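Residue numbers (this note's numbering), protein chains in the order written: chain A, 77 to 238; chain B, 10 to 459.
Because the hints were derived from the structure by calculation, they are not lab data. No experiment lies behind these values; they were computed from the predicted model shown. Misleading hints may appear alongside valid ones.
Stated by the list, open to error - With a cut-off of at most 20 Å between alpha-carbon atoms, the simulated EDC-like pairs for lysine to aspartate or glutamate come out as follows:
| no. | chain 1 | residue 1 | chain 2 | residue 2 |
| --- | --- | --- | --- | --- |
| 1 | B | K67 | A | E199 |
| 2 | A | K202 | B | E32 |
| 3 | A | K202 | B | D99 |
| 4 | A | K202 | B | E102 |
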Amino acid sequence: MPDLIDDASVMLLGVLCRHAAELLGASSLPPRHIRVHVGDMGIELSWPAGGALAGAPESEGPAAQRQPGARPRPEDGGSQAQGQQIVCAPTVGAFYRCSEPGANPFVDLHDIVEAGQQLGILEAMKLMNPILAEFPGQIIAILAEDGESVEYGQPLFAVAPC
Amino acid sequence: MFSCILVANRGEIALRIVRTCRELGIRTVLAHSSVDRDSLAAQLADETVQIGPASARKSYLNASAIIQAAIQTGAEAIHPGYGFLAEDADFSEACALHGLAFVGPPAEVVALLGDKTRAREVAAAAGLPIIPGSPRECGTTAEAERVAGEIGYPVITKAASGGGGRGMTVVRDPREFSRSYREARAAAKVLFGDSRTYVEKFIETARHIEIQILADGSGNVVHLGERDCSVQRNRQKLVEETPAPGLSDELRAQITTAAVACARAAGYVGAGTFEFLVDQDDNFYFIEANCRIQVEHPVTEQVTGLDLVREQLVVAAGGRLSVTQEEIRRTGAAIECRVNAEDPERGFLPTPGVLSEFQPPAGPFTRVDTHGRVGMRITKDYDSLLAKVVVWAQDRHQAIARMERALGEFRVCGNGMHTTIGFLREVLCHPIFLDAKHTTSLVDQMISPR
Chain A
77 MPDLIDDASV MLLGVLCRHA AELLGASSLP PRHIRVHVGD MGIELSWPAG GALAGAPESE
137 GPAAQRQPGA RPRPEDGGSQ AQGQQIVCAP TVGAFYRCSE PGANPFVDLH DIVEAGQQLG
197 ILEAMKLMNP ILAEFPGQII AILAEDGESV EYGQPLFAVA PC
Chain B
10 MFSCILVANR GEIALRIVRT CRELGIRTVL AHSSVDRDSL AAQLADETVQ IGPASARKSY
70 LNASAIIQAA IQTGAEAIHP GYGFLAEDAD FSEACALHGL AFVGPPAEVV ALLGDKTRAR
130 EVAAAAGLPI IPGSPRECGT TAEAERVAGE IGYPVITKAA SGGGGRGMTV VRDPREFSRS
190 YREARAAAKV LFGDSRTYVE KFIETARHIE IQILADGSGN VVHLGERDCS VQRNRQKLVE
250 ETPAPGLSDE LRAQITTAAV ACARAAGYVG AGTFEFLVDQ DDNFYFIEAN CRIQVEHPVT
310 EQVTGLDLVR EQLVVAAGGR LSVTQEEIRR TGAAIECRVN AEDPERGFLP TPGVLSEFQP
370 PAGPFTRVDT HGRVGMRITK DYDSLLAKVV VWAQDRHQAI ARMERALGEF RVCGNGMHTT
430 IGFLREVLCH PIFLDAKHTT SLVDQMISPR
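So that you can see chain A by itself, here it is in the shape it has in the complex (with noise of 0.2 Å):
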């Protein structure tokens, strides 16, 4: 928090404020956890795994911890069915879309997966630790942006089980 409440920092928390509010009123469902602070800036909100797209278009992790703002998502699905499956960062580490710089994605929106697929990838330590489709499905959001660093747990991932 700042030492003296000024001015520009009522502003900068009414602005994290409504962009907090446009996030909760996305989603059907209540949040587990908010924060909003103006110190270093951003919001984080955070769903039960499993719940959190239920008619959300952004989830937000606490990597709007460490960046200014809050970053709308590069990509989020159309229809947001009941049932469908999060795949989360199975360690702490960066996740990658590519199998290497410059190549296509795994996956991209609305790709049919099967079965053991690979989605992506999770470098911890110099490992590259593929991420499987565990079960087939629909990719109907992707939450995490390529080369994000992420937390044990946080959804990269909505898949629509078919």
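Since chain A is already given, all that's left is putting chain B on it; use the hints.
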């Protein structure tokens, strides 16, 4: 000084470290498991990284996840707290390989003193008296039994990679030795991944006296006096105090001098504790060295006015200790009681649950280090330490009275939850404890009629 530190621990010690970092203007990143996401340390840290699920093996013992978290958050150093990876030489080395400062001694010193048989050798070479025992771990059960016979029963078997009261078994009957020794080796293999076990004479009635050491990279090694930790159950400390009551100045000087000599001989850097047993004839023996900040460090802080975590961080950043030996002053007496979420009436069984009421004591010279708060869930995943109540007073008598007052106002409630507060109050008013005639067998004596 570092601009950003990763705290790789949980509970009260994580909060403790974060607090000093905040005083020093150091940005903190807390690496935590999923169940500690809403902990007080997580709330106070500048940034948090969830590194794994509840299981310690996949979180707080997950070296690669911790180092990855440090790398991706830009932390320059890792403070490992106590327990978990705090005395893991491989972890210390891995930090160094990745350009991260490890808040603790160099890896080779951690390895040296972490192997309890090598630590005994270092101590003996530095002229310290050590408990009669096998020079190294015993190769065969027959060899161990021969050594035990030479030493004389009762004996205690100790895992070379153990320590902290773990992996130790007392054997009183020679006929039980070979079975006991084989079981001890098997248990050590499971607990520590190393079956090596050594044998020592078991000193039945002794006082546990430990010396707090601080050392920096410029060759300054100082001691901050002793702590008496004789009140133990199953070799886990319950009550610690300083100064050690009834310890003569001469004996204190001998033990502190020995500890400093051992620290120098080992090349120690950072905060460390050298532990001794003092028998009924005032003979003292080195038992082990702990290369970490200890649970009971607050009692030393209360009488010296020094922040031991601060000294650790300064040293780890390459700085010098803030005091010389001549500048260290100790005043008054301090006592710490460890409040655990356990039921003394059922063999100190851990009682997990959710805290519905949590009102720790406060007031004059009363300090509580705790991560507890209303709504917090205590799970079975970690140890049962809930809070450390620490008091200071001008003398031991007043400190005991103050502790009794403090424990009396400590309110902890949770469905099915118990604490050891009542038992601690019994210890405090026990005539043997009040008279400072107690030894490491006090708690066993109190429990046995139950």
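Worksheet item: Are A/K202 and B/D99 close enough, with their CA atoms no more than 20 Å apart?
Response: holds, 18 Å
Practice prompt. Take a quick look at whether B/K67 and A/E199 sit within 20 Å of each other, Cα to Cα.
Written response: Given pair B/K67, A/E199 holds - Cα atoms ~17 Å apart, limit 20 Å.
Discussion item. Check the hint pairing A/K202 with B/E102 against an upper bound of 20 Å on the C-alpha distance.
Written reply: Holds. A/K202 to B/E102 sits at ~17 Å (cutoff 20 Å).
Worksheet item: Between A/K202 and B/E32, is the straight-line Cα distance small enough, at 20 Å or below?
Response: violated, 35 Å
Going through the hint list in order, the structure does not satisfy hint 2, though it satisfies all others.
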